[in-house]
Amino acid sequence: HLLIWLKHEYTPAQLKENIQNQDFRDNLLKYLEDVVKEDLDLFRDEANDGASAASDIRVSIQETDSITNEVVPACLSTPNPVSCDFHRIFCKDVVRLVGTSNIHKHSTTCYKYSKGKSDTSKTCRMRMPRVLVKTSNIDLSTGQITMRRSHPWINNFNE
Numbered sequence: 001h002l003l004i005w006l007k008h009e010y011t012p013a014q015l016k017e018n019i020q021n022q023d024f025r026d027n028l029l030k031y032l033e034d035v036v037k038e039d040l041d042l043f044r045d046e047a048n049d050g051a052s053a054a055s056d057i058r059v060s061i062q063e064t065d066s067i068t069n070e071v072v073p074a075c076l077s078t079p080n081p082v083s084c085d086f087h088r089i090f091c092k093d094v095v096r097l098v099g100t101s102n103i104h105k106h107s108t109t110c111y112k113y114s115k116g117k118s119d120t121s122k123t124c125r126m127r128m129p130r131v132l133v134k135t136s137n138i139d140l141s142t143g144q145i146t147m148r149r150s151h152p153w154i155n156n157f158n159e
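Be aware that the sequence shown starts at 1, since it is given in this note's numbering, and climbs by one per residue.
None of these hints come from the bench; they were simulated from the model.
We put the beta carbon where it would ideally sit given N, CA and C, even for glycine.
Treat each hint with caution, since some may be false.
Stated by the list, open to error - The following label-pair restraints were derived from C-beta to C-beta distances:
hint : residue 1 : residue 2 : range
1    : Asp-119   : Asn-18    : 15 to 25 Å
2    : Cys-84    : Arg-125   : 37 to 47 Å
3    : Gly-116   : Phe-24    : 26 to 36 Å
4    : His-106   : Val-82    : 37 to 47 Å
5    : Phe-157   : Phe-24    : 21 to 31 Å
6    : Ser-118   : Pro-81    : 23 to 33 Å
7    : Gln-14    : Val-131   : 40 to 50 Å
8    : Pro-81    : Phe-157   : 14 to 24 Å
9    : Thr-142   : Ser-77    : 39 to 49 Å
10   : Thr-109   : Asn-158   : 15 to 25 Å
Stated by the list, open to error - Derived lysine to any residue pairs resembling SDA-like cross-links, with alpha carbons at most 20 Å apart:
hint : residue 1 : residue 2
11   : Lys-134   : Lys-122
12   : Lys-122   : His-104
13   : Lys-16    : Glu-38
14   : Lys-16    : Asp-26
15   : Lys-105   : Val-35
16   : Lys-30    : Asn-48
17   : Lys-92    : Phe-157
18   : Lys-134   : Asn-18
19   : Lys-16    : Asn-27
20   : Lys-92    : Asn-18
21   : Lys-112   : Val-95
22   : Lys-134   : Glu-38
23   : Lys-105   : Phe-157
24   : Lys-134   : Val-35
25   : Lys-16    : Glu-159
26   : Lys-105   : Ser-141
27   : Lys-117   : Lys-134
28   : Lys-134   : Ser-150
29   : Lys-30    : Asn-156
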């Protein structure tokens with residue numbers, strides 16, 4: 001868990017009031033979508049130069065063998081930021097990193113407080129799988145922010 005308080009004059013009550021304003025909501029969601037990611041579709045599109053639809057290449061770690069002969073993406077050399085191909089390589093690296101390290105796979109830790117319950121009534125402590133959300137939104141009555149999500153097993157991440 002992480003809490004970051006940005007330096008500004010808003011109290012929580014003022015933030016709740018400000019989300020009633022459409023421009024404020026749009027700017028807040030734009031900022032959050034820039035910082036917090038819960039979706040790989042745009043990265044996949046960029047990594048593949050739009051050659052294939054994201055749904056064509058979507059894979060769940062739950063359905064694949066976790067053993068791989070590839071080098072762990074975090075151990076690969078960093079692409080040169082001045083390279084004309086940097087953005088595409090960066091997006092490809094994000095897809096590989098999230099695919100190998102940030103897709104949830106249930107373990108005994110998920111259910112450690114479910115002892116004695118039947119398998120059908122156990123729930124994952126990490127709240128996985130998560131509900132798919134087409135577009136990020138803010139509930140005006142509660143102030144709850146829901147981020148775009150196209151894969152039920154991806155943990156949120158920052159690029």
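Here's how the hints hold up against the structure:
1. At roughly 45 Å, the beta carbons of Asp-119 and Asn-18 sit outside the given window of 15 to 25 Å.
2. Range check, Cys-84 to Arg-125: about 44 Å between beta-carbon atoms, so the 37 to 47 Å window is met.
3. At about 47 Å, the beta-carbon gap between Gly-116 and Phe-24 misses the expected band of 26 to 36 Å.
4. At roughly 42 Å, the beta carbons of His-106 and Val-82 sit within the given window of 37 to 47 Å.
5. One distance hint, 21 to 31 Å for the beta-carbon pair Phe-157 and Phe-24, holds here, with the actual separation near 26 Å.
6. Between Ser-118 and Pro-81, the C-beta spacing of about 53 Å breaks the proposed range 23 to 33 Å.
7. Distance hint check for Gln-14 and Val-131: the Cβ-Cβ separation is about 29 Å, which falls outside the suggested range of 40 to 50 Å.
8. Checking the proposed 14 to 24 Å range against Pro-81 and Phe-157 shows it holds: the Cβ atoms sit about 20 Å from each other.
9. For Thr-142 paired with Ser-77, a C-beta distance near 45 Å keeps the hint of 39 to 49 Å intact.
10. Against the hinted window of 15 to 25 Å, the Cβ-Cβ separation of Thr-109 and Asn-158 comes to about 23 Å, which satisfies the hint.
11. Straight-line distance between C-alpha atoms of Lys-134 and Lys-122 comes to about 27 Å, which puts the hinted pair past the 20 Å bound.
12. Restraint check: the Cα-Cα separation between Lys-122 and His-104 comes to about 16 Å, which is no more than 20 Å; the hinted pair holds.
13. Straight-line distance between C-alpha atoms of Lys-16 and Glu-38 comes to about 23 Å, which puts the hinted pair past the 20 Å bound.
14. Using a Cα cut-off of 20 Å, the hinted pair Lys-16 and Asp-26 holds, with the two alpha carbons roughly 14 Å apart.
15. Straight-line distance between C-alpha atoms of Lys-105 and Val-35 comes to about 24 Å, which puts the hinted pair past the 20 Å bound.
16. A threshold of 20 Å between alpha carbons decides the hint, and for Lys-30 with Asn-48 the separation of about 24 Å lies outside it, so the pair is violated.
17. Proposed proximity of Lys-92 and Phe-157 is supported: the alpha carbons are some 15 Å apart, at most 20 Å.
18. Simply put, Lys-134 and Asn-18 have alpha-carbon atoms about 24 Å apart, too far for the 20 Å limit, and the pair is violated.
19. For a cut-off of 20 Å, the pair hint linking Lys-16 to Asn-27 stands: about 14 Å separates their Cα positions.
20. At roughly 37 Å between alpha-carbon atoms, Lys-92 and Asn-18 are farther apart than 20 Å, so this suggested pair is violated.
21. Taken as a hint, the Lys-112 and Val-95 pair is broken in the structure, with Cα atoms around 30 Å apart against an allowance of 20 Å.
22. Under the criterion of a C-alpha separation no larger than 20 Å, the hint pairing Lys-134 with Glu-38 is consistent with the structure, at around 11 Å.
23. A threshold of 20 Å between alpha carbons decides the hint, and for Lys-105 with Phe-157 the separation of about 16 Å falls inside it, so the pair holds.
24. A distance of roughly 18 Å separates the Cα atoms of Lys-134 and Val-35; the hinted pair therefore holds under the 20 Å criterion.
25. About 28 Å separates the Cα atoms of Lys-16 and Glu-159, which puts this hinted pair outside 20 Å; it is violated.
26. For the hint pairing Lys-105 with Ser-141, the CA-to-CA distance comes to about 34 Å; that exceeds 20 Å, so the pair is violated.
27. Between Lys-117 and Lys-134 the CA atoms are separated by roughly 33 Å; this puts the pair beyond 20 Å, and the hint is violated.
28. The straight-line distance between the Cα atoms of Lys-134 and Ser-150 is roughly 7 Å, inside the 20 Å bound, and the hint therefore holds.
29. With a CA separation close to 16 Å, the supplied pair Lys-30 and Asn-156 stays within the 20 Å bound.
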